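Novice: In case you want the letters, here they are:
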Amino acid sequence: MTALKVAGIFLTAFFFGLTFEGIGRKITARVQRRYGPPWYQNFIDLFKTLSKHGYTHGWIFDFGVIMALGGIIASLGFVPVGGIVAFPGMDNFFVIVYLFTIGSLGMAMGMVGTGNPWASIGVARALTLMLGYEVPYMISIGSMLYFYRTSSISAIMSAQGGDWNLVKFPIGALVALISLQGMLGKEPFEAPMAPAEIASGPMVELSAKYMGLLMLMNTFMEFAEISLFVDLFLGGGTYFVFLLKYLVVWILVVLISSVLPRFRIEQAVYFYWTVPIILAFVQVFMTVNGFVF
Amino acid sequence: MIALLIAVPLAFAFASIPHERLGRYFLPFVALFNLVCLFFFMEPGQILEVGRWPAAYGIALVLDNVSYPFLIFVNFLILMMALSATLENRYGTLLLVLTAAVNGIILTGDFFNSFVFLEIISVIAYIVAAHKDNALGAFKYLIFGGIGGTMYLLGAVSVYVKSGTLNMGYAAFITDPLIVPTICIFFLITFLVELKVLPLGLWAPDVYSNGSSVTPIALGSIVTVSLVYLFSRIFLNIFDLPSPQLVGILAMISIILAELGALKQKSLGRALSFATISGVSTVVAALSMRESEIASAAYFYLFNDVVSKFILFTLFAYLGERGFKSNKTAGIAFTFASLSVVGFPMFAGFWAKYYLLKALFQVNSYALPAIILIAAVIEAGYLIKWNVELWYKGEDTPKVQDGEQDSEMENEDDEVEEDFIPFGAQVVTLLLALTLVVVGFMPGLIHDQTMNIANNVLDFRPYLDLILKGGM
Amino acid sequence: MQSLLLYLAVGALVGYFLSMINRRLGPIVLLALSLYGLFTLWNMPIGSVEGLFGFEDILQFTALSKYFSIITLIVFSCYAFFNIVWISKAKRPHAFSALSILTLFGTLGVFLTPHLIALYIFWEIAVVASLFIVPMGKEESKKATIWYIVISSIGSYMFLYGTFLLYSKFGTFNLFEISGDIASESTGFKWLVSLLLLSAGIAKSGIFPLHVWLRNVHGNAPDTFSAVLSGQLVKMGSYIIALLLGTFPIATMFSQFYAGVNIFSYVLIWLGNISILIGTFMAIKQNDMKMLMAYSTVANGGYILIGLALLDQVGFAGGLFHVINHALAATMIFLSFAAVVYRTGTTKIDEMGGLIFKMPVTFVTYLVGIISIAGIPPTSGFVSKWMIFQSLISKGMFVTAMFAFVGSIGSFLYVFRPLAGVFLGQLKRKDKDVKEAPMIMLIPMIILVALTILWGVFPQQVLVWVTDVQRQFGMEPFKFDGTVLYSSLGHWDSWTVFVMFMVGFIIAAVIYILMPKGKKIPLDDQYTSGEFLHNFDLYHYATKYYAFLEREYEGHPSFEDWYTSIVNVLKAIGKGVDYFVRRTASAYTFWMALVLALLLWVRW
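Residue numbers (the working numbering), protein chains in the order written: chain F, 1485 to 1777; chain D, 67 to 538; chain X, 3 to 606.
Because the hints were derived from the structure by calculation, they are not lab data.
Keep in mind that a hint or two might mislead.
Said to hold, decoys possible - Straight-line distance between alpha carbons at most 27 Å, and here's what the computed DSS-like set of lysine-lysine pairs gives:
| id | chain 1 | residue 1 | chain 2 | residue 2 |
| --- | --- | --- | --- | --- |
| 1 | X | K519 | F | K1532 |
| 2 | D | K424 | X | K144 |
| 3 | X | K434 | D | K330 |
| 4 | X | K91 | X | K145 |
| 5 | X | K144 | D | K391 |
| 6 | X | K145 | D | K459 |
| 7 | X | K144 | D | K332 |
| 8 | X | K140 | X | K434 |
| 9 | X | K573 | D | K330 |
| 10 | D | K459 | X | K144 |
| 11 | X | K519 | D | K332 |
| 12 | D | K332 | X | K430 |
| 13 | D | K451 | X | K91 |
| 14 | X | K397 | F | K1652 |
| 15 | X | K360 | X | K432 |
Unchecked claim - Covered stretches of chain D, as calculated for chain X (at least 3 residues, CB under 8 Å):
| id | segment |
| --- | --- |
| 16 | 137-146 |
| 17 | 158-169 |
| 18 | 225-236 |
Said to hold, decoys possible - Among the chain F residues that face chain X by a calculated CB cut under 10 Å, a handful are:
| id | residue |
| --- | --- |
| 19 | S1559 |
| 20 | I1605 |
| 21 | I1623 |
| 22 | I1740 |
| 23 | S1742 |
| 24 | V1743 |
| 25 | P1745 |
| 26 | R1746 |
Predicted model, so just to flag it, every value in this text is computed and none were measured.
In this text, a Cβ means the ideal position worked out from N, Cα and C, and glycines have one as well.
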């Protein structure tokens, strides 16, 4: 039963993740006054890359890529998607967040293992950015955990009932949204992957199969992160309602990213350490004193 | 019988005059003879009235439970020094006279007699201090010591004027509240000078750091012990200490300033001299509390300090700052001694600090323990620094020493190529280091003795009984 | 216990003399003794009481003793095993072996006695023994030794002062007896005594403000001994903190301050917070890999202190669990560094690179070590982090939680730096012939890796020990059921997480294998933006790895400088004293004596 649910989550993430990515590309293009690729472009990209053989720099590169994808898949299994909850009660928030880091670590390790300094720079920036966005995120979610007296995602999801946490904890939601932008690696926090500046950062030596695997990992990661946001702040919901909410959040993220330039990495970290943290603490203050809407 | 302890060394001193080097061969034998006499032929509880004149009129030599252990310890130290020090021409004679004087000052029960012995000690001390071309230091010591001696004389004279007798026991009966503090202040100044309490102990670094194997030990260990005895006798047994708080505070300041002074030194000898000042100041501070447990701990502390400094100064004299690469046993002795000074277990120093702190807390004295521990931190800092430097010398590029005050020693270093420690010194330092370890494991050996001394010194009755023989 | 301590004491001498025959015999003696100790103490029942050297009932085996002794003996066994080969590079092998055994003797003694003076004696023995090993390292280790002894002495002597204060009030040195009576004393006295006794632990575990010695000492000590220093000796400090917090008990001695945490604990938690901050941000800056991990020890010491000071069901258990996690991880990491230095001869990160292809097992050890320190499942590091986070959030202590998060995420940054700089990246030409570390060195590393992962997936054994300790202190023990761990905010199952991890890994591996195989190309076949490079040594990004972040806090105050300036002030005073000494005596003396006499005359 659990295996079926987990499989369900993976397939959902696969199909709808790639589809929405395609839709996102279309929207970005239209905003930037282009036509853009068709919505199924990402599927084509994925299968094309996976079907070619690439180049590898050694066993650590292969291992890193596998670990990246494996870690993300593992963490995805815990996230409630739509009505599918694979591990009710055991989907502890911290477990999920730290499982993400396996993926990130694997990717970082593999990419730096290619021996290309662009990859190292990109990874250094990615880790620094992580120091920026994780802290306000965890604080604001932490205040929610404190309020609901549970750290299980599914429990919070169901405890929302009809009232979304977006309404109850508006500032926390705002902070989570800002952190989400950083987590997804989208403008204005795109410094780690800066295409022209550092030759795509970690992805510089990726080719064919490896590129495909990492694109898949990226998709899953986006899916997991945004699903987490939807679960925590928008009340989850049944399958298609969930996907609708997902799409809304995704389009919002894409819209923001399509018009903004890129912060320098120290600007990004500095920003995260001033505005969102203060907002997070405001939210904490409100929660602890009971000012919940 | 008791007088032999003074007479024999003196006789041998005179006998050694014709030949220059004879004295240094006589010295160990004389010390050994003294020890043998003390152990086997004498017992505490005797008094010898010189010339059969009753104590009130003449000189009395008193051997009681306090002077007996001190005599044993002092003669033991003299024996050790005789075996380990390099004595040049005529130094044997000097040290034989010193032996006589030191024994005398411990035995005597007469103020003027003790002044005489004090002056003899001082004269020898000035000469010994000038060892290794240290004339300036000796001169400074001469000035300080001269004042100290004069003060002592004034005190002795005041005693005579007031009580009509020079005997210590009889003088204890002076009770005039105006005169007694004055007398005591005179004596106090002498002791502050001789026991190196800053600011009157400023002579010590210059004198002890001359790199001689005789000076710091003869003066720092032997003379200091005998003067601690005299201090205890006069201030704990006979008279009361004038303003003990002030003495205590002065001693505490001395401890800290001496430790800080040692911190900056680039020369091991000066650092050790400052450490000596600090150590003896601790003893003075503790004795000023006039309490038997504390006094016992103070004597234990003195024992540890004296023995450790013996080792440290001897090794410094022979090795300079050349390091322990070819002298592992010397290095171990040095390390043991420095660890004992700081007070690490399982060395004698730990138990000294333990008993001292325990006794101090029992009387709710909180400042002195804090000062002792702060001093221990500073001490640990520089002693370990020296240890590390000396053990690992030669593994880095040789550093150029600042030429501040090392001119006396650098000449020696350039000439001597090998690190040569005489066999006697090696044996002695190793023996003493082992003593520290043994006492570290079985502190009762020494602690029982010191408790005995402390109890007897604070109780004036046995002493007076001995002198007065039951009646006035 | 008694026989173990005796064997160790004698073993030091035996090791010294045996190592003169063959230097490898020294570590073998240590290994034999550690394994013997591990076997004895694992099976010894909690609550046994023995005497030592004629002192009755001075050794007591509590649950806390058992836990910490086992950690110590694991670390020392691996250290000894590793040394069998490494000792050929040691500068003074005989003294090294003998002093290592003596250090073990001292540490075990600390854990086994509640008598404060006996504890102090064993403590100082361990300090002195380790003190003389430290200068056998690099050149700068000699100055580092002084820092070590001075700060350690500050802690120990404050401890001694506090002990005697307690003795003068209660007449006993036995901690358990004192704890019964202390609750009735005045608040000021309680604060004073607790602070004095705890400062030994604070100094030893490198918590702010006594953290300045760690960088130089751990960074410059002989390589394998850094593992013992970071993995084990700082745990002695944590032991004292845990013992005092639990025994007094601090939880009831002081008034409640916030969410069930009393005010004294709150002060400690803030010290832990600042330690985490300092440790993390200083580590990010370091270029020397051992100094980097030394700062990591500061940060983790802060975690342990926070966990212990929370004194509740989940937090205290989390702090205790973190002790064993950090011990294993620090040992692993330092041993892998020792292996790297053994082969390459340098500890500077930017002088190495690409070593993964030459030393894969060492790399895996380091990787698992950093995964554990960063607190990533399925290693044991995650278990303790989870417990601490849960406890903090359930109490609503968000500021501390922020510091904990910063420490955790910041740890990714600094542990990644040696990974990228040393093991990954371009292989320098001079390191082309570097080989993997010898097999004997690899075995302890592999054992530690296995233990970390084992206890990450099946934390029951450690949790049993931890809950025993909690029961000893009368706390509510942590709730767990098989591999499921419970807290007031939720629960999770470590086995499930591990299974999911394997599932994900297998899926990824399947996809990988199904697709066409990649062609292997050499490391210097890179995307170089169109440039033609001949010297790939320079194509390695390792210097100032986090330059952009470091710039943000460049002008930070340095505590080392602050301490050094205090020392300079003291030295200046000393110089003043020396100045007085050097004056010529004549008029000066007369003045002095006269004035003194006058003062005394007036004063009495």
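Novice: For every hint, state whether the structure bears it out.
Specialist: These are the hints, each one checked on the structure:
1. Annotation: proposed proximity of X/K519 to F/K1532 holds, straight-line Cα distance about 15 Å (limit 27 Å).
2. For the suggested pair D/K424 and X/K144, the alpha carbons sit about 34 Å apart, so the restraint of at most 27 Å is broken.
3. A distance of roughly 48 Å separates the Cα atoms of X/K434 and D/K330; the hinted pair therefore is violated under the 27 Å criterion.
4. Under the criterion of a C-alpha separation no larger than 27 Å, the hint pairing X/K91 with X/K145 is consistent with the structure, at around 22 Å.
5. This hinted pair checks out: X/K144 and D/K391 have alpha carbons roughly 16 Å apart, not beyond 27 Å.
6. Simply put, X/K145 and D/K459 have alpha-carbon atoms about 14 Å apart, close enough for the 27 Å limit, and the pair holds.
7. With a CA separation close to 16 Å, the supplied pair X/K144 and D/K332 stays within the 27 Å bound.
8. Pair hint X/K140 plus X/K434 holds up; C-alpha atoms about 25 Å apart against a cutoff of 27 Å.
9. In summary, the hint linking X/K573 to D/K330 is supported, as the alpha carbons are separated by about 5 Å, within the 27 Å threshold.
10. Among the hinted pairs, D/K459 with X/K144 is consistent with the structure: their alpha-carbon atoms are about 11 Å apart, no more than 27 Å.
11. Distance restraint check for X/K519 and D/K332: the Cα-Cα separation of roughly 69 Å exceeds the 27 Å cut-off, and the hinted pair is therefore not satisfied.
12. Taken as a hint, the D/K332 and X/K430 pair is broken in the structure, with Cα atoms around 44 Å apart against an allowance of 27 Å.
13. In summary, the hint linking D/K451 to X/K91 is supported, as the alpha carbons are separated by about 25 Å, within the 27 Å threshold.
14. About 21 Å separates the Cα atoms of X/K397 and F/K1652, which keeps this hinted pair within 27 Å; it holds.
15. Distance check on the hinted pair: X/K360 and X/K432 sit about 13 Å apart at the alpha-carbon level, within 27 Å; holds.
16. Counting residues of the segment 137-146 of chain D whose CB lies closer than 8 Å to any CB of chain X gives 0, so the stated coverage by that chain is violated, three being the minimum.
17. With 0 residues bearing a CB less than 8 Å from a CB of chain X, the segment 158-169 of chain D misses the requirement of three and the coverage assertion fails.
18. With 0 residues having a Cβ less than 8 Å from any Cβ of chain X, the segment 225-236 of chain D misses the three-residue criterion, and the hint is violated.
19. Taking 10 Å as the C-beta cut-off, the interface hint given for F/S1559 holds, the closest approach to chain X being about 8 Å.
20. Here the hint on F/I1605 is kept, as its CB sits about 6 Å from the closest CB of chain X, short of 10 Å.
21. Contact between F/I1623 and chain X, as hinted, is supported at the beta carbon level, the nearest pair being about 6 Å apart and thus within 10 Å.
22. Against a cut-off of 10 Å between C-beta atoms, the interface hint on F/I1740 is violated, since the closest Cβ of chain X lies about 23 Å away.
23. Restraint check, F/S1742 versus chain X: the minimum CB separation of about 26 Å is more than 10 Å; hint violated.
24. Contact between F/V1743 and chain X, as hinted, is not supported at the beta carbon level, the nearest pair being about 25 Å apart and thus beyond 10 Å.
25. Interface restraint check for F/P1745: the shortest CB-CB distance to chain X comes to about 17 Å, outside 10 Å, so the restraint is violated.
26. Hint status for F/R1746 relative to chain X: violated, with the closest Cβ pair at about 14 Å, above 10 Å.
Violated hints, listed in ascending order, are 2, 3, 11, 12, 16, 17, 18, 22, 23, 24, 25, 26; each of the other numbered hints is respected by the structure.
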